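Q: First to last, the sequence lines map onto chains A and B.
Here the first sequence stands for residues 1 to 241, numbered as in the numbering used here.
Here the second sequence stands for residues 1 to 324, numbered as in the numbering used here.
Check each hint, because a few of them may be wrong.
Restraint ranges, calculated between C-beta atoms of paired labels, are given here [stated by the list, open to error]:
#	chain 1	residue 1	chain 2	residue 2	range
1	A	107	B	13	44 to 52 Å
2	A	81	B	255	54 to 62 Å
3	B	61	A	81	29 to 37 Å
4	B	292	A	81	46 to 54 Å
On the chain B side, residues computed to face chain A include the following (Cβ under 10 Å) [unchecked claim]:
#	residue
5	74
6	82
7	86
8	98
9	129
10	146
11	155
Just so you know, these hints were derived from the structure itself, not from any lab.
Everything numeric in this text was worked out from a predicted model, so none of it was measured.
Where is the CB? At the ideal position from N, CA and C, for every residue including glycine.
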Amino acid sequence: MSNIGIIARRELGGYFRTPSGYLIAAATLVVQGLLFNTRALGTGARLSSQVLIDFLRDSSGTTTVAAVLLTMRLFAEERQSGTLTLLFTSPVRESEIVIGKFLSALVVLSLLVLASVYLPALIFVNGKVSIGHIASGYLGLLLVGAATASLGVLGSALARTQLMAGVLATVLIFVLFLAWALSRVVDPPFGTIISHFSLYEKHFFPFMRGLVQLSDIVYYVSLTYLSLFAATRVIQSQRWQ
Amino acid sequence: MIVVDNVSKYYGSRRAVADLTFEIRAGECIGFLGLNGAGKSTTLRLLSCLLLPTSGRISVRGFDVVTHPHEIRKLIGYLPDTPPLYLEMTVKEYLDFAGRLRGLEGAELNKMRDRAVRLCSLKEVLLLPISQLSHGYRQRVGIAQAIIHGPTLLILDEPIQGLDPVQIVEMRNMIGELRGEHTILLSTHILSEIEATCDRILVMHQGRIAAQGTEDELAARLLKTRSLELEVRGTAELLTAALAPIPAVRKLHVTPHGDTVVRATIEVDDAAREQVSRAIFDAGLGLLSMHGQSTGLEAVFLQLSSSGSGQASARPAAGAEISA
Numbered sequence: 001m002s003n004i005g006i007i008a009r010r011e012l013g014g015y016f017r018t019p020s021g022y023l024i025a026a027a028t029l030v031v032q033g034l035l036f037n038t039r040a041l042g043t044g045a046r047l048s049s050q051v052l053i054d055f056l057r058d059s060s061g062t063t064t065v066a067a068v069l070l071t072m073r074l075f076a077e078e079r080q081s082g083t084l085t086l087l088f089t090s091p092v093r094e095s096e097i098v099i100g101k102f103l104s105a106l107v108v109l110s111l112l113v114l115a116s117v118y119l120p121a122l123i124f125v126n127g128k129v130s131i132g133h134i135a136s137g138y139l140g141l142l143l144v145g146a147a148t149a150s151l152g153v154l155g156s157a158l159a160r161t162q163l164m165a166g167v168l169a170t171v172l173i174f175v176l177f178l179a180w181a182l183s184r185v186v187d188p189p190f191g192t193i194i195s196h197f198s199l200y201e202k203h204f205f206p207f208m209r210g211l212v213q214l215s216d217i218v219y220y221v222s223l224t225y226l227s228l229f230a231a232t233r234v235i236q237s238q239r240w241q
Numbered sequence: 001m002i003v004v005d006n007v008s009k010y011y012g013s014r015r016a017v018a019d020l021t022f023e024i025r026a027g028e029c030i031g032f033l034g035l036n037g038a039g040k041s042t043t044l045r046l047l048s049c050l051l052l053p054t055s056g057r058i059s060v061r062g063f064d065v066v067t068h069p070h071e072i073r074k075l076i077g078y079l080p081d082t083p084p085l086y087l088e089m090t091v092k093e094y095l096d097f098a099g100r101l102r103g104l105e106g107a108e109l110n111k112m113r114d115r116a117v118r119l120c121s122l123k124e125v126l127l128l129p130i131s132q133l134s135h136g137y138r139q140r141v142g143i144a145q146a147i148i149h150g151p152t153l154l155i156l157d158e159p160i161q162g163l164d165p166v167q168i169v170e171m172r173n174m175i176g177e178l179r180g181e182h183t184i185l186l187s188t189h190i191l192s193e194i195e196a197t198c199d200r201i202l203v204m205h206q207g208r209i210a211a212q213g214t215e216d217e218l219a220a221r222l223l224k225t226r227s228l229e230l231e232v233r234g235t236a237e238l239l240t241a242a243l244a245p246i247p248a249v250r251k252l253h254v255t256p257h258g259d260t261v262v263r264a265t266i267e268v269d270d271a272a273r274e275q276v277s278r279a280i281f282d283a284g285l286g287l288l289s290m291h292g293q294s295t296g297l298e299a300v301f302l303q304l305s306s307s308g309s310g311q312a313s314a315r316p317a318a319g320a321e322i323s324a
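Starting from the given sequences, assemble the full structure and let the hints guide the process.
A: What follows is the structure in structure tokens.
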């Protein structure tokens, strides 16, 4: 087994052996269900595609929160307990540590995202939405999840405590969230450039509407790569401190 | 095996260790002795590729810690002062994880895990979560993860910290079993452990090597006074009268032993032992026996710690003390 696999497997065990993983999963699914009933379905008659769009929009928020909660412990907890020393004195590369931890969080997050698929299935059975629309939305959710999880990994690599890791990741995500609002008050061409950094409106909303565009996929993959690269550099510098 | 050449480490402007120079041969068991903050842990962390030296050069088996840390990490097993344990894992799962990180797989992993479990006496807790183990067992699990891959160099930072006397003896026996198979570096501020366990001692004080050598070498080089046990035919008064005038006698404690024999413990400058025996003969007393007590690492350590360098003071600070 590769070092990435060894580390990812241990981290997965960490999620499923302690209450934290189950708590995060339960809380996310409960909130998702409540949002579906209160906001997406609403009280009056609505188009089923609009219900799906609203559900996906809300789910991008719950996925982001779950990603931060799942990742904030990854390095900060080990730093507090002293177990990072075991990884740092083993013949394992920093990139392997970062990717192994990220993959474990991504697996749990993906399971969590897919566990909500019964809600759009209800819309599919009782309304008129295409499977392609649902698949597009879930691809978007997984990409948002990967990107926000990678920002969570970076926050955890930078912070000393889990709380600080969560705060840092939230700030990073909030900056990218507000990029869209900022782009509207800044004159072109800078406004246009800033809009391309928008985490949700610019790149997730097309998935939400059933539109899969290569540029959006490239954005999320690039953001994930850059965050993990930065986290690797942070861990590299910490290994020698 | 290990060459440390003029190494210093600064945290900002604060000096942690300075001008460290020493060599360690393969198979040696070396004890780093020093007070808290003396630089022991920093030195071990430098050797474990956890700290970059500010200046100087460290090599392990020819690999430089700065340019080839990955190669060195394959050679070492490291137990920090707080064992790096995942409390939710069982001992077996944890050791398997540590073994896999060091490249062990399949039958080889099983074999090496069984060896570590045997050496550290962990068989009865193998399937228990680490969170349920006592401090002593956790320390053993920490050592087991450090030796699971059969490292050439085993680095143990304060391995007996927080253990009770029984656990200390068990830990000492365990380290004894590991000697020969590994080159061992261990740090402690407990003198008796160094005496019982190590071939050679590096005494650290304020970030520098204050002295190095075996216990006897350090004592011979640094202790200028010697403690002598005397058994003399005569009275306590006569013996006191004979020895008290000798300036080289720093302490004298006489106790009667039967009607005609007294026993005395004296501290005397090493060079004045002959003067003591002559004074006893001149007083008409019979010298039945005279032998030197073990000088003790404690005395060496206290002397080095108080002097702050390898140049130990020639005379103890306390003045002469005579009692009968």
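Q: Run the structure past the numbered hints and jot down the numbers of the failing ones, going up.
A: none
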